[in-house]
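**Student:** Throw the hints in and build the complete structure from the sequences for me.
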Amino acid sequence: MGAIQNKLAGPVSEELALVQAAKRGDDSAFEELVRRYDRNVFRIAQHITQNREDAEDVVQEAFLKAYGNLAQFQEQSKFYTWLVRIAVNEALMKLRRRKPERTVSLDEDIKTEDDSLPREIADWSPNPEQQYTQAELREILSKTIHGLPPGFRTVFVLRDVEGLSTEETAAALELSVPAVKSRLLRARLQLRERLGRYFQRREPGDGKSGGARGEDVKNDKDVASGDGDL
Amino acid sequence: MKCSEFLTELTSYLDGVLDEKTKADLENHLSWCHNCYVVCDTTKKTIEIYRDSQLYELPEDLRSRLRSAIMTKCQQHKKRGPQSV
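Residue numbers (my numbering), protein chains in the order written: chain B, 15 to 244; chain E, 2 to 86.
No lab work stands behind these hints: they were computed from the structure. Quick reminder that beta carbons are idealized off the backbone N, C-alpha and C, glycines included. It cannot be assumed that every hint is accurate.
Unchecked claim - To spell it out: a stretch of chain B is covered by chain E in this simulated footprint if at least three of its residues, at any positions, have a beta carbon under 8 Å from a beta carbon of chain E; those stretches are:
#1 50-57
#2 68-74
#3 198-212
**Tutor:** Encoded structure:
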């Protein structure tokens with residue numbers, strides 16, 4: 015069983031050339047940076063806010079803020095990491111506005127007891143995702159990740175979906191490297207456990223298999239409103 | 002290696018950043034501990050399923066609408082001067 019291969023962004027030197035051109039006032043270079051990263055920013059924003067309109071706003075606000083503050087960008091880190099930091103802050107602000115009664119922060123006191131230790135060990139079916147239609151699978155994945163506290167799902171999304179390194183994730187979220195590692199482990203284990211509910215190997219005649227899948231997906235909607243975990 | 006030690010190293014193992022000695026200890030543990038093998042395998046699948054899921058893809062029409070809105074606002078910002086963001 016080998017290591018996970020991550021998606022990589024484009025070459026850093028190309029990115030730097032675009033940033034420098036944009037700093038000199040070349041808007042087409044900035045537009046190229048937008049093209050390069052808009053999909054990533056949208057995905058990150060929607061994972062955090064769980065709301066499409068908010069994610070659209072975050073994309074616009076994050077790029078506009080980056081544009082307005084480009085002169086302050088020191089070029090010691092990657093532009094993308096800097097942009098992600100802006101976008102995460104914008105997305106968290108959206109969450110706070112939507113749920114003003116709750117504090118939403120990456121530094122929140124996340125439960126430290128062994129809440130992620132595996133309890134359910136049963137193996138999954140081979141190619142479990144193929145048991146579901148694309149639409150069902152998307153709903154399962156979206157609902158499952160929404161069940162994690164924002165501080166966990168943000169780390170998971172940056173590291174495992176967007177392919178940032180541990181150090182880049184720590185820089186983008188202003189967290190320590192050990193904090194990123196610990197949240198990543200717990201996010202991965204919690205997601206694994208929650209997905210197991212849909213993907214476990216079903217034995218014939220155990221009463222769990224068959225046509226209730228679609229119904230499971232539907233009935234779960236109210237259960238996993240994860241921000242309650244804050 | 003005990004199961005709890007395996008769990009501590011799991012993330013580094015999946016990220017491919019373990020030293021050779023710890024990696025060998027961990028793989029030895031996986032060769033006889035079925036539960037840990039299952040946890041490792043299904044955690045890896047979890048990551049792969051999310052990574053390959055194309056969840057929240059930005060549709061092309063929305064993408065160009067957002068991009069042109071961003072560039073319009075950037076140009077307005079330029080005209081007004083740097084204090085306005």
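**Student:** Are the hints correct? Go through all of them and say.
**Tutor:** These are the hints, each one checked on the structure:
| no. | hint | result |
| --- | --- | --- |
| 1 | 50-57 | holds (count 4) |
| 2 | 68-74 | holds (count 4) |
| 3 | 198-212 | holds (count 8) |
When held up to the earlier numbered hints, the structure conflicts with none and fits them all.
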